[in-house]
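Keeping their order, the protein sequence lines are chains A and B. Under our numbering, the residue at position 287 of the first sequence is numbered 287, and the numbers go up by one with no gaps. Just so we're on the same page, our numbering is the position in the second sequence counted from 1, plus 1000.
Careful, some of the hints might be misleading.
[To be verified] Straight-line alpha carbon distances no greater than 16 Å define the calculated EDC-like cross-link-like pairs of lysine to aspartate or glutamate that follow: (1) Lys1358/B to Asp625/A; (2) Lys607/A to Asp1226/B; (3) Lys358/A to Asp1625/B; (4) Lys1607/B to Asp625/A; (5) Lys263/A to Glu204/A; (6) Lys607/A to Asp1625/B; (7) Lys1607/B to Asp226/A.
[Said to hold, decoys possible] Footprint (simulated), chain B over chain A, 3 or more residues, beta carbon under 8 Å: (8) 218–232; (9) 608–614.
Calculated directly from the structure, the hints in this document are not laboratory data. None of these values were measured; they are calculated from a predicted model. For each residue, glycine too, the CB sits at the ideal point set by N, CA and C.
Protein chains: 2
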Amino acid sequence: MSAQAKSHEGYEGMIMMNKKYWLGAVCALTLPVCAMAVEGMWTPEQLGDVVDDMKALGFALDAEQFRDLTAFPMGAVVSLGGCSASFVSPQGLVVTNHHCAAGSIQYNSREGQNLLVDGFLAADLKAELPAAPGSRVYVTVAFDDVTAEVKAAIPAGAAGKARFDAIEAKQKAMIAECEADAGHRCTIASFHGGAEYKRIKQLEIRDVRLTYAPAESIGTFGGDIDNWMWPRHTGDFAFYRAYVGKDGKPADFAEDNIPFTPKHVLKVSAAGLDDGDFVMVAGYPGSTSRYRRAAEVGFAFEFTYPQRMALFDAWIKDIEAASPADSDARIKYESLLQGLNNAMKNYGGQIEGARRVKLLDRRKAREAALDDWLMKDASRRDLAREIAELDRLIAVSNDADRRDYYYSYATRAGLLNAAQTLYRYAHERARPDADRDPAFQDRNASRIRQGQERIERRYDDRVDLSNWSMFLENYLAGPATSRVAALDEALGLKDGMTRAEIKALIAPLYAGTRLGDKETRLALLEASVAELDSSTDPFIMLARKLSAYERAQEEAGKERAGQFAQLRPAYMEAIIAYAKSRGEAVYPDANSTLRLTYGTVMGGSPKDGLIYTPFTTLQGILDKDTGEFPFNSPQSLLDKAAAKEFGDYALESIGSVPVNFLTDLDSTGGNSGSPTLNAQGELVGLLFDGTIESVNSDWDFDPRTTRSIHVDSRYMLWVMEKIDGAQHLIDEMTVVR
Amino acid sequence: MSAQAKSHEGYEGMIMMNKKYWLGAVCALTLPVCAMAVEGMWTPEQLGDVVDDMKALGFALDAEQFRDLTAFPMGAVVSLGGCSASFVSPQGLVVTNHHCAAGSIQYNSREGQNLLVDGFLAADLKAELPAAPGSRVYVTVAFDDVTAEVKAAIPAGAAGKARFDAIEAKQKAMIAECEADAGHRCTIASFHGGAEYKRIKQLEIRDVRLTYAPAESIGTFGGDIDNWMWPRHTGDFAFYRAYVGKDGKPADFAEDNIPFTPKHVLKVSAAGLDDGDFVMVAGYPGSTSRYRRAAEVGFAFEFTYPQRMALFDAWIKDIEAASPADSDARIKYESLLQGLNNAMKNYGGQIEGARRVKLLDRRKAREAALDDWLMKDASRRDLAREIAELDRLIAVSNDADRRDYYYSYATRAGLLNAAQTLYRYAHERARPDADRDPAFQDRNASRIRQGQERIERRYDDRVDLSNWSMFLENYLAGPATSRVAALDEALGLKDGMTRAEIKALIAPLYAGTRLGDKETRLALLEASVAELDSSTDPFIMLARKLSAYERAQEEAGKERAGQFAQLRPAYMEAIIAYAKSRGEAVYPDANSTLRLTYGTVMGGSPKDGLIYTPFTTLQGILDKDTGEFPFNSPQSLLDKAAAKEFGDYALESIGSVPVNFLTDLDSTGGNSGSPTLNAQGELVGLLFDGTIESVNSDWDFDPRTTRSIHVDSRYMLWVMEKIDGAQHLIDEMTVVR
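Start from the sequences and build out the full structure, keeping to the hints where you can.
Shown next, in the form of structure tokens:
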């Protein structure tokens, strides 16, 4: 899979160390190849701290203009929610990754017309197809620091849940005020665990249409096998178009909507890059864990990842056993299977990476160094005490997570989860919108509805029954402290039950429920608490029986979250002060806000004895092609590659059209679809993945092995011109040759 | 596993094409890295044809001296039977691969003293341990062309089986005459499918002792996971010592035997190699298929390999299901499991390689070019007719092999095979030695006995019963034409039987047999035909019932072999003549005789986007080490590698001790343990494997991807000096610094 699917386990990570320090320390270990990746997902306002370094690498523009997110070029960079993208024509043409548009391609496929397999190219505007329900293009229109406002809303001395509630209430109020401007979606993003808050206001374009996607034999060439792998030859690009109402404002899909006119548009380079050239990527990385404490690192690597790997392995086998290959049931679970296999591959890479860099030892050493520094000055000792407090809180939180782990899977049944949402929604709707849990506010009503609509696509009774039995068996085999009386009583679970006994116990729920029917579920979105309380649907009854326990857990979680919101900023304050004392800058962990990362086109040596070259070529596609999915290129591509019909898109130094390339940029899930820009700010590619040796960089940036993978704009243009006949789209863009 | 375990499927291969042609053709496809491997496993007498090329690459000795197999340096190169090795001290010290000595290391292990795990170093001669029974060191003492003699023994017009019998009888007579010189083992080797015959006379040293082997955490570091892989970090070396009687002649093991004094000994280089340096390897490659006809290639890749991959997969699962992990039964089958997994990996590499180079298309094109050339001249048309005849024979032979395939596994039961050997041996012993099948002649009596002695080590009743049931089910599911009435009747097999039914049918054979008892089997080695004919042992009775069918098949096989012996030389004559017309030399397919291959130290680009560097380093061991088998280096090695205690063994260009290196040499199974020599003929390493991208070169040499893997002599010496304290062995050798 893609960078998009990378682990979102953690939220923090490691202090930005001086690059020269890194270079010295690691080069000694990596002879003969010693090329180092560049760490840092910088917020636009931080660019002043790194602009000298950027210029030394080749950056040729004014850093100041990058700091205005509504100016060129950052204003051309958009979020799709989970993926990044950019405007590439004045008619609202948006380029992103193929895998970011896959849902929309699939949504428009039907019997006898599989657009994933065939690809899709709209001959003109009229032929464009509506993207999948819920598809959005978010254009940032304002970005403000609201730290003072949020902090002012916290009553003096408010701790724990009181603190959490105060922050949440303030955020809800600010969002409501911001979204009073129709057609916008607003977010209050927290940075450094709550040390800073920013209000982000985005135009929410909700008429999004599919313009062009190459066949999956180009767009996902290599499939899951090549996922996270180099060498790579994936044409991971696709085009959307953003539409608005005739008044230029966001509108639901309508025939007479018009293309959106973006304020800023990227030029597309056909001249491209070579080894060592400066590049930068603007996008919306989701989450990193670089500042997490050692106790959190240990918990992830010693408990969470190994537990999940074992459970996911059993889960995959159970799905496969319960759904014959090629059955309708199996088709419904393909996406989950893919996700589980992907997660297994990721955890494997994480664990291997943590071993390689000795992650836990390094984190402990870093914390010891910070402690030493704090203790040297009496004025800093308060921070040290708060960090000690944070570690005590983490221990409590880890215990809670460990206890919850078994229960969380033991209640993972498709229709139970639907019932839980319906039951909670009924309760929340009984309250004023402003008082509700944010997930159940009216602004999210359509998301809740879509969730209930979509269940059938990924659900089969027999598979779900089999999986749930397995999870319950796992729960009963878990520690006694993880047992939840409400669940045991509701289902009649007893120690030592076999999976067959469990299955017999829960099978009647599937026989008795009506939640498998979509219309029933959608009707229940309107049901009152009283109606649901009197329901005899077995899954709704179960949801009701678990409700008190779950609410109590949620309250306890908020209590801890409130404590974290107090302690984590203190810890980050210490980190930032320490870094400052050493002349270093600290970028915040990724949090789905717009960031810039820069560096150069660069191969690397992931292992002793092995070198990744920075570019792959059309010849590599010929070499990999087997004629069978996922290595089944279109014949016309094979023919033209073999005939070396490179057109204007060859890179002389490799004697071919460059297909994918590596950079030393710092990226993670959510960066998928991000435009890769050259020193002039022209689009030279799209970021779509990182190498497997990079995944551990979410925890601890490893400059030796971290490499991002991009599709080259020259390959994109070559496919458009030579294979798919998309000349009219090329003509629509400004192509720099 | 190792080169030793490579496929021995085929016996022939491809015409030696002009290297410049190759360079031109392939370089165009492999930009930017364009380093080409050097094809050719030359017989010593062919060195005159390639000496200019060798000298151009750096060869600094007199080619003439290499042509005398009893002179330096070829006289120092020995065969262990299946592996290669060389003398490195005047006291008969022999160096070979760790994996070639593994049987002897295991043989000397016992409860509480696992020499594989601990390693072994004899402090002095007295402490050396006897190698595993049957271990031999073969020193070539004479090598003569006997083509004329063999051909003269074939009566005019003798065809088919008559021809086969005449050749076999002549070979047996020549061997008997040669071996009249006590202490020698003689072979008549056929080259080019019978176009030439050579008599090889070897001193057979049968008191072989284990002198030194590093721990498997060095000697097989990386294990099956790294098998056929690069980057590699395996210390695949071990030392034997050859002993003879006080009279200097081969003798059975005896306390007062003395070290053998070899005529020639290799110096060991501590100066070593760097990228691009000339190297050559002398050894005993087992088998290649470079001249096989397209119809034979197709049969292997379309029938044999896929059939076996499916069957071996089922076989592995069946063994695992029938023998709980860590059970005694599982331990007995570990070696088979390893072999099956290894074969699967090999077949996968073969199939992938065949796809990559379009093997079948290339072979057909080559045959078409040969046909064209033959048809241009009336004098060559006879050859074309014989080739057409050969293709008809191959079609018949493929049909027979396809038919036999199912039966061959359907009779693969451990004690049935023992019974078949005993039964056949009784018949053969009733005839004069000279008239027997070669495998049953007295010169092989000890091998037959050892075969019967060893069965228990690799055999478990329950696993064997389960496997045999699976094979029989596979046989019943096979084509009707593959059914054998004798087998069906003897066991009572009927169409559509389930595996459980089959198991019930054959289980009584296991209950009723006494062949599970070693003493019983050994006693039966003396039994007469009459005694066995009256035996009521169920496996002996089954062997008797299958005997007529098997003998008939054997006769039919000899008939075809006789035809092949006539037609294949004609085909090879055509190939050689065609090559000669183009100024090219043709080396014979590997046939376990001494060959020389030469080239340079060279990394490579096995795939677009990826580069193998030519050396790996101690740092790579630190990176790979997990503390768990097979990546569990000794702590002292980790410490000294981390402390960069390189001693005199560092290679400046890589800043470390080189562990393994790549060359472009042409090698295959049987080359394992071969000394790698520098331009001065000094030992700079040991060949121990090829990369997975090389395995298909057994069929069609691919200069782009073929690379041999060697352990560097500097790593060997570093381990000996720094880790294992084997200074007395270093002192015994002549080390060039």
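Here is what the structure says about each hint:
Annotation: proposed proximity of Lys1358/B to Asp625/A holds, straight-line Cα distance about 12 Å (limit 16 Å). Distance restraint check for Lys607/A and Asp1226/B: the Cα-Cα separation of roughly 13 Å lies within the 16 Å cut-off, and the hinted pair is therefore satisfied. Taking the CA atoms of Lys358/A and Asp1625/B, the gap is near 12 Å; set against the 16 Å cutoff, the hint holds. Of the supplied pair hints, the one linking Lys1607/B and Asp625/A holds, its CA atoms being roughly 12 Å apart against a limit of 16 Å.
At most 16 Å may separate the alpha-carbon atoms for a hinted pair to count; Lys263/A and Glu204/A meet this at roughly 15 Å. As the CA atoms of Lys607/A and Asp1625/B are separated by approximately 12 Å, the hinted pair is consistent with the 16 Å bound. For the hint linking Lys1607/B to Asp226/A, the alpha-carbon distance of about 13 Å falls within 16 Å, and the restraint holds. For a cut-off of 8 Å, the count of residues in the region 218–232 of chain A with a CB near a CB of chain B stands at 3, and the three-residue condition holds.
Chain B is given as covering the region 608–614 of chain A, and this holds because 6 residues of the stretch bring a CB closer than 8 Å to a CB of that chain, at least three being needed.
Of the hints listed earlier, there is not a single one the structure fails to meet.
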